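Go ahead and model the full structure; you've got the sequences and the hints to work with.
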Amino acid sequence: MLPLMLNRAERGANRCQDRILSGNLEQFLTNLSRGLERTMVAVNRELPHRQRIKRAWSMRQCARLLNVSIQYLTKFANSSHDFPAGEYVGRERVFTLAELMHMRALLAESAKRPYDYLAWRQPDAPLPVISFASQKGGTAKSLSAAHFAQYLSLHYGMRVGVMDADPQSTITLYFVGGEGLPRMPDENTASMVDFAGLFPSDSAPYTDHDAASLDSFFLKTSWPGLRLLPAHGETSEGEIQIARLVRDAPAGKSFYRYLRDAINRWKEGFPPKTAPSELVVDGKVDQARLNAALTETLDCIIIDYQPALTLFQLNNVIASSSLVIPQTMKGFDIATLSTFVTGLRGMLQHILAHERIDIGTGANMLLPTIVQRSNAQDLNHIGNLLEHCPTEILPVFYMRSDAIANASDVYQSVYEYEPDTPGKRKGINRFIVNADAVNDAIVARLWPGLERGYAAAWIDAFYEDDEEGGT
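If you count the sequence shown from 1, position 373 lands on 373 in the working numbering, and the numbers rise without skipping.
None of these hints come from the bench; they were simulated from the model.
One thing to keep in mind: the hints can contain errors.
Here are the in silico distance ranges between beta carbons for each label pair [what the hints assert, rightly or not]: (1) A85 with T274: 21 to 29 Å; (2) S408 with Q122: 33 to 41 Å; (3) I359 with Q122: 21 to 29 Å.
For clarity, every value in this text was computed on a predicted model and none was experimentally measured.
Heads up, the beta-carbon is just placed ideally off N, CA and C, and yes, glycines get one too.
Right, dumping it as structure tokens:
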């Protein structure tokens, strides 16, 4: 492989021997861009031939996701003529995501509390907008946001809208390959800049899209009910357009409210209508009704920020009801976090001095990430934060894991990744336990009462291990 790569590099160098690249940044960027475009052709060629989600879930795993016992689910399956057939792998019956959603609809129809199986937003309920933000890269921000979105789909059947505000498109890569986005997005794909209406229209320096247009920007993914507003290079245009709008200062518009106002227009046009108990007719799931319900509205929106504090990203803050700040716990990372928090607080105070507006009225939290158990500094910083601001920091955190790299190599989360060796499977399962605990802790703060107990169990195990290690 190495000689082949060297030969290809030599051929490429020979083609460029007459070009003087040193000192010519424009030419360098042009050539690099051309090479990247050709490489992306190969990447996109692979995507349509790759099933986005390869794994399936056993009956026992489905029971856990549905929050019922395996005995109850088995009995229910035997009594329902419309229970999914699944597929046998050896002697074990496994089910797809679509079949899991089918089970939810069946269970909700006969349940005393149907929202236990489909935790859908009820009419007139607020729309949670949850933002994952940080000042720097490398904090597992996109990983945290993607896993939280998928966790809500897997465990609650929620209809989740994911907005990618980062031109690096990291969270987009977790979902590309689905029905609405079979290949990587390009400048012709609507982004958050379009959704917020930052580009000028024929009649104004901005564009107030109607609700139907805004809804069309959300693209279906392979996760039932989970839709994506992707990012690409043009997403970086947001800063330029915001700067232009600050300069033009159009009447009746505040530069920090474009995304908030757009989400409100969409929300008014697409309220929740279908109840979870209305999806079954004569003992069978009405598939057309279920499919329509999965796209009729969203139960929450998750925004993945660019790792920077800019006017475009400030729009995301103002639009959000909750802020989650994933942050590593090294000393210099704490200093960066302090700068981010101080800067954001100053921006909000300036806005509130001119307009009384509700900002971040839901639960807000700091999420420690990539924590090394063997690193006393990491744990000491978490301990100090828990002592000095206990309600602001999550007591459950993402541990450093080598296993996540196996899933990331193929742009998958641990929830969809299918390990190909026992060693990888063990590492992935360990990370799933960690991810479930973190996400359960976030759910407990955003939707008190919906938590499953994963966070409490993780805390007990973590500190029990610490006590055993210290004796």
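Okay, the hints, checked on the actual structure:
no.	hint	result
1	A85 with T274: 21 to 29 Å	holds, 25 Å
2	S408 with Q122: 33 to 41 Å	holds, 36 Å
3	I359 with Q122: 21 to 29 Å	holds, 24 Å
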